[in-house]
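Which chain is which? The protein sequence lines are A and B, in order. Per full-length UniProt numbering, the very first residue in the first sequence carries number 1; after that it's consecutive. Per full-length UniProt numbering, the very first residue in the second sequence carries number 1; after that it's consecutive.
Note that these hints are calculated values from the structure, not bench results. All clues stand as given, with none of them false.
Distance condition first, Cα-Cα at most 30 Å in a straight line; then the derived DSBU-like pairs of lysine-lysine:
| id | chain 1 | residue 1 | chain 2 | residue 2 |
| --- | --- | --- | --- | --- |
| 1 | A | 263 | B | 493 |
| 2 | B | 493 | A | 335 |
| 3 | B | 396 | A | 66 |
| 4 | B | 350 | A | 263 |
In this text the structure is predicted, and so the values were computed from the model without any measurement.
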Amino acid sequence: MSTVCASCFNILVFVTLQQRDPMLKRDGFEDILEERRNSSDLKYALRCYAPVLYKGVTPCKANMLKNIVLQSDQLHYVINQVSQESGEAPDIIQEEASVILEEMAHRLQISTVRFFAFALSKAFKTLFQHVCVNEEGIQRLQQAIQEHPVVLLPSHRSYMDFLLMSYILYTYDLALPVIAAGMDFMGMKFVGEMLRMSGAFFIRRSFGGDKLYWAVFSEYVKTMLRNGFAPIEFFLEGTRSRTCKSLTPKLGLLNIVIEPFFKGEVFDVNLVPVSISYERILEESLYARELLGVPKPKESTSGLLKARRILSEDYGSIHVYFGQPVSVRSLAQGKVNRSTYNLFPRHIPRKPMEETQSFVNDTAYRIVRLQEDNMVLKPWVLMASLLLQNLEGLELSVLTEQTVWLRGLALSYAAFLDWPDHAPTAKVVSSSLALHRGLACVSGGRVSLVVGEPLGPVTPEEALFNRAVSVLSCASYRNQVLHVFLRPAMLAVAMHTAASSKKNEVYNCFSFLWDMFSNDFILCPGDIVQDFEEACYLLVKTGAVQMPQQDIVMTDIGQPTLSFFNGLLEPFLQGYQVVCRYLCEEASEGLTEKQYIPAVRSFAVKLILAGNLRCYEVLSSDMQKNALAALLRMDAVRKVKVADQVTLIVNKMAVNSIDDILGGKLPTQKALLARL
Amino acid sequence: MGRSSVRVLAAATITMTLTSTVCFPRQEIMKWNGWGYSDSKFLFNKKGQAEFTGKRYSILGMVLPSLQDWFENTFGASVNHKSPATPALNASAVPPASLNEAFVEDLKATGIPFSHEAEDRVFRAHGHCLHEIFALREGKKFERVPDMVVWPNCHNDVVKIVELACKHNVCLIPYGGGTSVTSALECPPEETRCIVSLDTSQMNRILWIDEKNLVAHVEAGIIGQDLERLLNESGYCTGHEPDSMEFSSLGGWVATRASGMKKNVYGNIEDLVIHIKVVTPRGVIEKSCQGPRMSTGPDIHHFILGSEGTLGVVTEVTMKIRPIPEYQKYGSVVFPNFEAGVACLREVAKQRCAPASIRLMDNEQFQFGHALKPQVSSIFTNFVEGLKKFYITKFKGFDPHQLVVATLLFEGDRERVLQHEKQVYDIAATFGGLAAGEDNGQRGYILTFVIAYLRDLGMDYYVVAESFETSVPWDRVLDLCRNVKERINRECKERGVQFQPLTSCRVTQTYDAGACVYFYFAFNYRGLADPVHTYERVEHAAREEILANGGSLSHHHGVGKLRKEWMKESISSLGVGMLQSVKDYVDPDNIFGNRNLL
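Isolated chain A (complex conformation) (with noise of 0.2 Å):
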């Protein structure tokens, strides 16, 4: 067999992150491409598969799923409920509502599985040093997959995720899931197909108020869970993640596969967290690039067979976590009443109540954490961090010091951080660089960024267009390590624009950019003083800070941690301050949500080649529809449609204000964040 993986980690587990989750001790991995080095792919490809299913159940066809759906109560009241709205018989609809499932539908093959086991074999060992899996996660699994219905919930940064998850299950003898895939790949004729034979299953990404295209899709979802046919799997993210940083959990899914339980027809759903952590992400660069506007190319398979340009370069390890199964009746415990779901027939679909819609809210949050909590941090992104707090770059031996010095902060606070074993801390710095030449150099002993290949003369806006492509992609590396200091950092930024060092100010603060910041960042609803207290403690602990009575205050080796954390943060709140800027100088009476985004960046283009800024992440949509999104929820901007279009409406006072606050100008007081 493979040998233990890498390195071990070391890892201090925290009062706090045991609270969140007391199974916070993590496991080590097991290279699986190690095995494949060593042996045949073909009769890899072509071995016995035959999974462990859920409480013996006997695998189901396909078709017989399908018919199951079409003739289930549930999709029957909605057939006539819409055939009585329309007008139109039901058997039409019915019909309808074969055509969509047909068109939704999974064909999982074995012999498709096969195909992409051997492909995936190939292609894998070519782009990748190791695909590492942490086994006694995989155990777990097994176990849970024979007790009850298991949803697997991966962390999504890329294409390659769904893949590589159902090669996981493959290698391991687990029964491969069915996934739910958008809709984009079906436009990829014969690769969209042989997904759908691979396991996945399609849906719209928007169907709004189509109640028969729902009806048939959470039945099919539901038919697939309550039989425990096969795991189901999505992204709870929705989509990839441009920005490596874990995106706001979407929870129509979750919703559907939550549901079962709350009616009684299961006993129990486990939810199992994966993360999936790549040492460099194929769409690197792709992504910067599509964060700056240029649109992502639309899936085909010439684009995909065209992509076979990055077989030829390296892409390190990839490490797969699978957490610890979190059992939804457990989580549920106390805080949903299911008998509440006894007065109503169970077949007539309902919106949830606000007490599950809450509940189902707050359990997708805290999977989107524990996600988070197992991603492997790779020591370049300690380098990315540091780096981009130096964009002039930094002299070699400086940076191999702050990274050692910023590897112990991080495994101080728990980091999941895989840092080779005996290895001289120069080699490690050279190696993670040479990994990673397309982003940072080396030259006369400093280390900068690298700025896109200079062909023939250029603009100052296609300098400045390179330029945001390498800090974006920089940024994607280390906002992987955001989840980490996140708390720390938003306290630390707090004390240092509170107006005083009184407790409660600094809290005032800290509560102002938890707000402020919480479409950026995972931070579970509700969780704020709670995150005030864990910051608080790590910083205490780690020595940055002491608590005397009511005051926080720095102590006298805390300077280079606080520091550092506010430098972690300054590109949020700058990007934040040119947003709010631009709405209140530059924005005009009827802009439109439309022309929101590429106004903004013109905006900030014009201040960063004025020399007026020096921040490129402002540049990126996501960034800019989080500072939006962030100001519609404090009611500082206001969305109206008007005719086709929706409008926003600025309130200069009250964005005025919000930016004073992010630039420390105004102290933030409960009165004040009450006129907003």
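Let chain A serve as the given structure and place chain B on it in line with the hints.
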């Protein structure tokens, strides 16, 4: 098959006539610390084979060769590990009677017999909940028992007793058959007044039978089997046969809203009563006529039905009677699995063609029933049994660990029974059911009467067991059964039960809109410090699971003190308020202070 040959009820009865002077010790013929008659019990004989002693039941004296294996394999128990009960009541463990002297004086003047002997008081201090029986067997000290027992002989005696109780502020707890499984008979430990157990056993006469209207007027202390036997003598029956009918009383049925096995033909207790007389602290409640149905505001009978002894004492009941059916026939159907069985029962209910009784036992209970098969007397029967088994499991492909059995009981005139039988078997066939003979059906019903004795056997070998029930809409039956079983298994594991528990259920009644589901739950408690506490926590969790899955708090056992905590949730706080205001009006001084229900 005729009806008499299959009666499994005790041949002797416990009717006690007023021959003795002071007290009427039921404990002379009944166990003081277990179920039923003293002379009837299960034991493992020297060869390790199970036997049932006594002459009262049809399985008397038979050897049950498979029971030991089943018992040891199911529970991980061993006949070598005994946990015997304390042999006799230790009178010093019984708190001394605290008597209200003035009340006693006045009572003496009425001539109504009473007692404050420890045995009499302890006997009436409990029902048959696991914790109650377990405590008796262990010889635990009693916290609170009745201070005295009175035996009224008729309605007027009860009126006198209640008047005296009000006058002297004495707490009365009515006692009928003592078969409660809801802690309803437990004395509230916080009760400081003298507690008097009002034993209705002497009010056991049929006062008259009205053949024109087919009703009988009966004193409420009569025990089920006596009522049936006496009516049978005149060619009638009530048809009300709760599983406890050997010991439970008519008044108890009214006070708990009892349900009988044959309710499909005769109805539940609320359908059977025409008139009720109740003595309350405010006086006597009764209606002025015996009209078969009335629109006179909310039915006051429904304040009494299910009042669990909190409002007064039911003294006399007029109830419907029927001529004894000409013909009775048992039957059974095997289904490949529980789902098919439930679907069949649902269909039978839908077509409203349920036989007098139809019950569906799950696989665990099917196997249990098999373990109770007596030794086969001839090689031929053995051969036939083997052939049947081969046919069902090999030829029809039923998985012996999946198959379930429905037991049936048909009643009526012969022709109709046969016709009815065919109809039901035809429905069953469409759900893959195979007729499996009368014997299997009959054995299923025997199980009902002896299972309570089996619990005593289990307790001799470190196994505790209990049953509980619920009613649930049809569409949730399967989900509820699965989830409750799973919950029990999981809770047992979490609470350190070392052995796999037995969880089993059966659908015992069918209605238009749902069914009654009955659970058995038992486990080997070796290695547990406080098995009763563990048991109670698991049952609590199981009840929560039932409620979360759309089941009711109780179908027929009642609430007592065991399930009081869920009353608000079950009937809303306004509903509880309504009941409370009735209680406050009828019994302002809480004379009927057993604190059940509210």
